[in-house]
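Starting from the known structure of chain V, fit chain W onto it as the hints suggest.
Single-letter residue listing:
There are 2 protein chains.
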Amino acid sequence: MAQLPKAITNLVSMFERLPGIGPKSATRLAFYLLNTPLSFVEEISNDLIKLKKDIKICNVCFGVSENETCDICSNDKRNKNQICVVERAIDVMALENVGGFGGVYHVLGGVLNPLNHVGPEDLKIEELIEKLNGRPRSGGASDDFEIILATNPTMEGEATALYIRKKIRETNSEIKISRIGSGLPMGADMEFADQATLSRAMEGRTTI
Amino acid sequence: MAQLPKAITNLVSMFERLPGIGPKSATRLAFYLLNTPLSFVEEISNDLIKLKKDIKICNVCFGVSENETCDICSNDKRNKNQICVVERAIDVMALENVGGFGGVYHVLGGVLNPLNHVGPEDLKIEELIEKLNGRPRSGGASDDFEIILATNPTMEGEATALYIRKKIRETNSEIKISRIGSGLPMGADMEFADQATLSRAMEGRTTI
Numbered sequence: 001m002a003q004l005p006k007a008i009t010n011l012v013s014m015f016e017r018l019p020g021i022g023p024k025s026a027t028r029l030a031f032y033l034l035n036t037p038l039s040f041v042e043e044i045s046n047d048l049i050k051l052k053k054d055i056k057i058c059n060v061c062f063g064v065s066e067n068e069t070c071d072i073c074s075n076d077k078r079n080k081n082q083i084c085v086v087e088r089a090i091d092v093m094a095l096e097n098v099g100g101f102g103g104v105y106h107v108l109g110g111v112l113n114p115l116n117h118v119g120p121e122d123l124k125i126e127e128l129i130e131k132l133n134g135r136p137r138s139g140g141a142s143d144d145f146e147i148i149l150a151t152n153p154t155m156e157g158e159a160t161a162l163y164i165r166k167k168i169r170e171t172n173s174e175i176k177i178s179r180i181g182s183g184l185p186m187g188a189d190m191e192f193a194d195q196a197t198l199s200r201a202m203e204g205r206t207t208i
Numbered sequence: 001m002a003q004l005p006k007a008i009t010n011l012v013s014m015f016e017r018l019p020g021i022g023p024k025s026a027t028r029l030a031f032y033l034l035n036t037p038l039s040f041v042e043e044i045s046n047d048l049i050k051l052k053k054d055i056k057i058c059n060v061c062f063g064v065s066e067n068e069t070c071d072i073c074s075n076d077k078r079n080k081n082q083i084c085v086v087e088r089a090i091d092v093m094a095l096e097n098v099g100g101f102g103g104v105y106h107v108l109g110g111v112l113n114p115l116n117h118v119g120p121e122d123l124k125i126e127e128l129i130e131k132l133n134g135r136p137r138s139g140g141a142s143d144d145f146e147i148i149l150a151t152n153p154t155m156e157g158e159a160t161a162l163y164i165r166k167k168i169r170e171t172n173s174e175i176k177i178s179r180i181g182s183g184l185p186m187g188a189d190m191e192f193a194d195q196a197t198l199s200r201a202m203e204g205r206t207t208i
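If you read the sequences in order, they're chains V and W. Quick note on numbering: the first sequence equals residues 1 to 208 in our numbering. Quick note on numbering: the second sequence equals residues 1 to 208 in our numbering.
Just to be clear, a hint being listed does not mean it is correct.
A pair holds if it fits inside one copy or across any two, identical chains being indistinguishable in the list.
Said to hold, decoys possible - With a Cα cut of at most 27 Å, we get these calculated DSSO-like pairs of lysine-lysine: (1) 6 / 80; (2) 166 / 131; (3) 50 / 6; (4) 176 / 131; (5) 124 / 176; (6) 167 / 131; (7) 24 / 53.
Just so you know, these hints were derived from the structure itself, not from any lab. Here the structure is a predicted model, which is why all the values come from computation and not from measurement.
Looking at chain V on its own, in the form it has when it is part of the complex (with noise of 0.2 Å):
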């Protein structure tokens, strides 16, 4: 077999290391580039180098900032008594493209994960538990205050909720926590669910 050119085959390569991207879109992908203007790939390459330059992690929540503070952290309108824990900051982007949610997000960076050595300590929970001090124990204002626990619905996402909801009573007993609701997705098609997703459609049900 004869080799390709080795600016090509070290492209593909990169290519291949990034996430969803196999050995046969990676080089269609560059085969695509040799054929774009130099332009447009000079623009690609400069907008890889802006993003880890320009982006920085919000001191409050934890996501992805230009500033020092998150545009959602330093905005008066949102809610700072309702507080969404999320694992990543592409979930707050999900959850922001839905729109409707006024509250305010943190950001854990990743769950629990034993088998990855990634314990409590690894995780902004420690943080959250700050953030949590000096709201009122009982009555009045802490009838608004609500934390949110949107860790993705699975092993170690259930797991994470678990453990926080438990560090959070340890030394609040009166702060609402919720979990995001979890079923059948909209659009499904009960035949075809798992059984695990049918059992929390149940369970999840609601009174209409």
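Showing chain W alone in chain V's frame:
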């Protein structure tokens, strides 16, 4: 909805312009890159620029090359009497990955597509015909000479193959011209094959 930092949205919209990458994959890639070291991103960024700067078009086969003439065309061991005509440079790679073909290639740079205003003058057809000039028209060496038309078995690819066959025959009635085989792909199930493929498979049957 809160706006994502510009460095992210810019990169996402660049990624979306690449083939096979939708809004979700684009966002996923951008967030993945956010969590990789700067060195990795710089490496990709450099490789992209290098791709455009280092890669030339081979002056013999019009495939990709690091030099004026590509490794295949400048390789004395390749049989120059067997020319495999393909649509794009990436097709050369697909065939080279299989191995087994000892001839050389000729990259057309596309297929005839009147709807997209791609005519014979936009492809390297004239250059192919020129390569055949001076080839012996009968007996001896001409028996070894072969043009393999390996354009895709699509409507455009078929039309292009037929057009090239006609053009060659106008000046040269002896040269062997062949078309790559088409039929059921390996591992396929007759039950699910489309009619055009099945009909081709029947026409292309071989004695065993």
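Comparing the hints with the structure gives:
1. 6 / 80: Intra 53 Å, inter 24 Å, cutoff 27 Å: inter-copy only.
2. 166 / 131: within (16 Å within a copy, 78 Å between copies)
3. 50 / 6: both (26 Å within a copy, 10 Å between copies)
4. 176 / 131: within (14 Å within a copy, 79 Å between copies)
5. 124 / 176: Classified as within: same-chain Cα gap 20 Å, cross-chain 71 Å, threshold 27 Å.
6. 167 / 131: within (13 Å within a copy, 77 Å between copies)
7. 24 / 53: So residue 24 and residue 53 pass the 27 Å test across copies only (23 Å; inside, 30 Å).
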